[in-house]
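Mind docking chain B on chain A? Use the hints.
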Amino acid sequence: KNQVEQSPQSLIILEGKNCTLQCNYTVSPFSNLRWYKQDTGRGPVSLTIMTFSENTKSNGRYTATLDADTKQSSLHITASQLSDSASYICVVSDRGSTLGRLYFGRGTQLTVWP
Amino acid sequence: EADIYQTPRYLVIGTGKKITLECSQTMGHDKMYWYQQDPGMELHLIHYSYGVNSTEKGDLSSESTVSRIRTEHFPLTLESARPSHTSQYLCASSVERGLSYEQYFGPGTRLTVT
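Going line by line, the protein sequences match chains A and B.
Converting from the first sequence to the working numbering requires adding 5 to each position, the first position being numbered 1.
Converting from the second sequence to the working numbering requires adding 1342 to each position, the first position being numbered 1.
Honestly, the hints are just simulated from the structure, not real lab data.
Model, not experiment: these values are computed from the prediction.
Treat the hints with care, as some may be off.
[Unchecked claim] Pair by pair, the computed Cβ-Cβ distance ranges are:
| no. | chain 1 | residue 1 | chain 2 | residue 2 | range |
| --- | --- | --- | --- | --- | --- |
| 1 | B | E1398 | A | R100 | 14 to 22 Å |
| 2 | B | M1383 | A | T75 | 21 to 29 Å |
| 3 | A | G65 | B | P1381 | 25 to 33 Å |
[Claimed, not checked] Beyond 12 Å from chain B on every Cβ pair, some chain A residues (computed):
| no. | residue |
| --- | --- |
| 4 | Q14 |
| 5 | I18 |
| 6 | L19 |
| 7 | R47 |
| 8 | G65 |
| 9 | T68 |
| 10 | D72 |
| 11 | K76 |
| 12 | A84 |
| 13 | S88 |
| 14 | W118 |
[Claimed, not checked] Partial chain A-side listing against chain B, Cβ under 7 Å, derived:
| no. | residue |
| --- | --- |
| 15 | G48 |
| 16 | P49 |
| 17 | R66 |
| 18 | Y67 |
Backbone N, C-alpha and C fix where the C-beta goes; we use that ideal spot for every residue, glycine too.
Just chain A, with the same shape it has in the complex (with noise of 0.2 Å):
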């Protein structure tokens, strides 16, 4: 079964640090990986997507990395904000899907405190 599992559930941390939200996934054949952003009664929004050649990404203070062989990923914010508050959510698309159908993790709730 194709799944994808994130950790930690939840996170709080104080502004201007630094975190790591980590993915697990096996999905297979894999074609690609997202996180994405989800602000509290909003639809997503991507933040980066990265193909199975590519083992980093970044978007501003948002760095992705993907291990395909171990099948992991992790999201690195830098120097949070108070607006990097919301759940962040690891997305990964399998190749046999002309579809574009994606498996979603649950996500990380991570909240930012000034």
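Just chain B now, kept in the frame of chain A:
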């Protein structure tokens, strides 16, 4: 910024009522999707469409129905709402980018059935 819209954003309705959740996108995307998301849980695909007059059920069984008469419009209908339908409903559309599909999400509709 994705041009995908959902109305209403919030809806509280009594049991047995018929409701239609609207979704529209102005990007000309062929593929569109409906997801259901409960608090703290992953998104579940309930319907998708490859294009006009094409609709399919997703991974999660749903009593809702969808239609795709126009490319830009993908409404979801519940003939008789029940408290078990209380959830957040997210609409998305996708476009092919290289080897993968980029999905854009609407802001969601928070449905409460009393």
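12 Å Cβ clearance of W118 (chain A) from chain B: The assertion about W118 (chain A) holds, with a minimum of 20 Å to chain B.
Restraint check, 7 Å cut-off on beta carbons, for P49 (chain A) near chain B: 5 Å, holds
Verify this label for me: G65 (chain A) is non-interface relative to chain B, using a Cβ-Cβ cutoff of 12 Å. 16 Å, holds
Hint validity - Y67 (chain A) Cβ closer than 7 Å to any chain B Cβ: Cβ of Y67 (chain A) sits 17 Å from chain B, so the hint is violated.
Measuring Cβ to Cβ, find out whether A84 (chain A) lies farther than 12 Å from everything in chain B. 24 Å, holds
For the restraint on R66 (chain A), tell me whether the closest CB of chain B is nearer than 7 Å. 19 Å, violated
Looking at T68 (chain A) again, its CB stays over 12 Å from all of chain B? 19 Å, holds
Examine each Cβ of chain B, and state whether all of them lie more than 12 Å from the Cβ of I18 (chain A). For I18 (chain A), whose nearest Cβ neighbour in chain B is about 19 Å away, the distance exceeds 12 Å, so it holds.
Examine each Cβ of chain B, and state whether all of them lie more than 12 Å from the Cβ of L19 (chain A). 23 Å, holds
Taking 12 Å as the cut and beta carbons as the points, is S88 (chain A) off the interface with chain B? S88 (chain A) is indeed farther than 12 Å from all Cβ atoms of chain B, at 16 Å.
G48 (chain A) as chain B interface residue, shortest Cβ-Cβ below 7 Å: Nearest chain B Cβ about 3 Å off; hint holds.
Verify that the Cβ of K76 (chain A) lies farther than 12 Å from every Cβ atom of chain B, and report whether the claim holds or is violated. 17 Å, holds
Of the hints listed earlier, those the structure fails to meet are numbers 4, 7, 17, 18, in rising order.
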